[in-house]
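Chains as they are written, first to last, in this note's numbering: chain B, 70 to 335; chain V, 78 to 362; chain U, 128 to 283.
In short, the hints are calculated from the structure, not lab data.
Where a beta carbon is used, it is the ideal one built from N, C-alpha and C, also for glycine.
Mixed in with the good hints, there may be bad ones.
Claimed, not checked - Pair by pair, the computed Cβ-Cβ distance ranges are:
1) B:ILE263 x V:SER319: 55 to 61 Å
2) V:ALA257 x B:ARG282: 16 to 22 Å
3) V:THR271 x U:PRO220: 42 to 48 Å
4) B:MET289 x V:GLN168: 20 to 26 Å
Listed here are the chains, written in short residue letters.
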Amino acid sequence: MIRDITLGQYYPGSSIIHKLDPRTKIISTFIFIITLFLVKDFLGYLIATIALGTTIIISRVPLKFILKGLKPIFLIIIFTFTINMFMTKGTPLISLGFLTISKEGLYTAVFMGVRLVLLIIGSSLLTLTTKPINLTDGIEKLLRPLRKIGVPAHELAMMMTIALRFIPTLLEETDKIMKAQMARGADFESGNIIKRAKALIPLLVPLFISAFRIAQDLAMAMEARCYKGGDDRTRMNEMKLQGKDVAAFLLMIVFVAIILLQRIYF
Amino acid sequence: MYLIEVKNLTHIYSEGMPYQTSALTDVSFNVKPGEFVGIIGHTGSGKSTLIQHLNGLLKPKSGKIIIDNVDITSKDIKMRDIRRKIGLVFQYPEYQLFEETVHKDIAFGPLNLGLSQEEADMRVKEAISLVGLDYEEIALRSPFELSGGQKRRVAIAGVIAMKPQVLILDEPTAGLDPKAHSDILKMVEKIHKTEGNVIILVSHNMGDIAALADKVLVMDGGRLALCGSPEDVFSKEDLLKSLGLALPPAAEFISKLKGKGINISSKPLTVEEVENELYNILNNN
Amino acid sequence: MKNTKFLMQAAIISAIYAVLTISLMPFSYGIMQVRISEALTILPYFTPAAIPGLFIGCLVSNIVGPYGIIDMIFGSGATLIAAIGSYFLRFKPILVPLPPIIANAIIIGSMLYFAYGVPFPLPACMLWVGLGELISCYAIGYPLLKYLDKYKKIFN
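For reference, chain B alone in the conformation it holds in the complex (with noise of 0.2 Å):
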């Protein structure tokens, strides 16, 4: 049941975007995703296809991942596609009945629908070739300089990265929890919003009391071992840019001017 569910997006490999820097992959997505939002015609999503296609080639992972990204807003997307096409006022080009689609309606709708399918594998990208862990230290390290505004990357970090640790765990613990109370008739299933919601008690108490329980052993055992806080904690592998690093970034920002030249001129 849960535990059929592998823990986070991301799928094993050894190509060039699996060992690029997180940040250099995280600043990217960003960057790519903004620039989506520049973008006017269908042209310009042409070329974005094409730099994301190019990507997702290097980074061998395989078709059916990159759509399974698509899943969980398959719905939004047919769901905006549809009203798009058919309540958008315009030159009529078919009509069914009383539903017109106008040609207006028929861009408007392919048009939002590439953006969002675009915007969607593009990030889902990243998770697909950066474990969650290195994720979050290519966070800390990004949030680092706002430290002199107060941020604590550090400690944010350090959240990060015990949450993740304590993820499968707390899963193990909900399902045991569930499966008791299962066996003691609760039914988390059936029955309008309100009543489940009530069913979602015993299993929300038990669990907070395990997690809390957990927290206090586990602070316990870090200051056991003299754990301090974070300012100058070294750690095993620091992450360092490197020359693929720095060719990606000069590839993004060939992208952004490819886009941006295409907008003005064509």
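Let chain B serve as the given structure and place chains V and U on it in line with the hints.
Only chains V and U this time, still in chain B's reference frame:
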């Protein structure tokens, strides 16, 4: 006739995925009304999977489970009907406690079965006394204020209050000190005598199983390796050892005596039986 | 302020948030946003560790779950603002679930409208998100608050 019939039960985890594993393969056995069944086998042998099938938490890939003439593996079975018949107490059951008072927590099960508040209240009182606690003293306290041993009893009471025909206990003495361990076992025995239900006890403790069980199931790698009375099962010393299991301490002792050449015809399984046997031997010399 | 106990509590809250988001997935990531994990937004009532805890929890859920960067920023941002709001309202329990509803309605609603291009007027998007949050926060969260109130000492 039989209260429980398990026929060719097979279960596969993560079917279709690259890491699919066979958790249970072709397990079959029967249980008569009122029997006390012990299940032994080490971690990974399929004990947990088996008991979760018995109370409907898991559905098998193939095979049938018939309890009190109802096929609980059929498609139309309602969960509520299963829960009425079979109660399952997991390991470290105190983790399931959540209510504001002990009374409310124990009443959770009966109320879920659809009983009225009055009926549920009565069940709570009965259950509390069956687990050896005092109603006046404990009913209105928060379950989280109790000691470990008390919490465990309250958790078990929560399942007994549902008056199941079959009560499954997964290592009810896990993590307890020796006194608490024997107290809980005495409690289980008392429940068995009072309610007359079927008790299925999963345990690592051979001595407990030898003393209490009418029938012993030995699980190994998802298969039922041995099934029989304690005398039968624990006489197969070599087989048990090859499965990585020990004998009950009494039987182990007798086995060593036999090894030294002392002739013993009976098959004592408990400390008392060994004591008697030793008396006989010493008197006859 | 950032002593070890505080850190661990925050980390565990993050983990619980992520676990609830993952294990009860169909509710969280599908079209109806009744996110059970949002019931945890009442936690600032008990401890300020819930402020970073919920924020990181939302962040981590998006690392481990499938929505990705956009939801990571907007969702986590909304959660952070909401948690601070709830913390300030902690003296009036009935108001504690309010900030998450408002923050998420506005921020996530805008995200859906502007970034995802959902073709309904902005107020409709906000209303829709707000409704889902309302259920999570008042139907699940508030009773949870009342129950856990009896066990306050585990937070110390």
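Checked hints:
1. B:ILE263 x V:SER319: 55 to 61 Å: holds, 56 Å
2. V:ALA257 x B:ARG282: 16 to 22 Å: Between ALA257 (chain V) and ARG282 (chain B), where Cβ atoms are some 20 Å apart, the hint holds.
3. V:THR271 x U:PRO220: 42 to 48 Å: holds, 45 Å
4. B:MET289 x V:GLN168: 20 to 26 Å: holds, 25 Å
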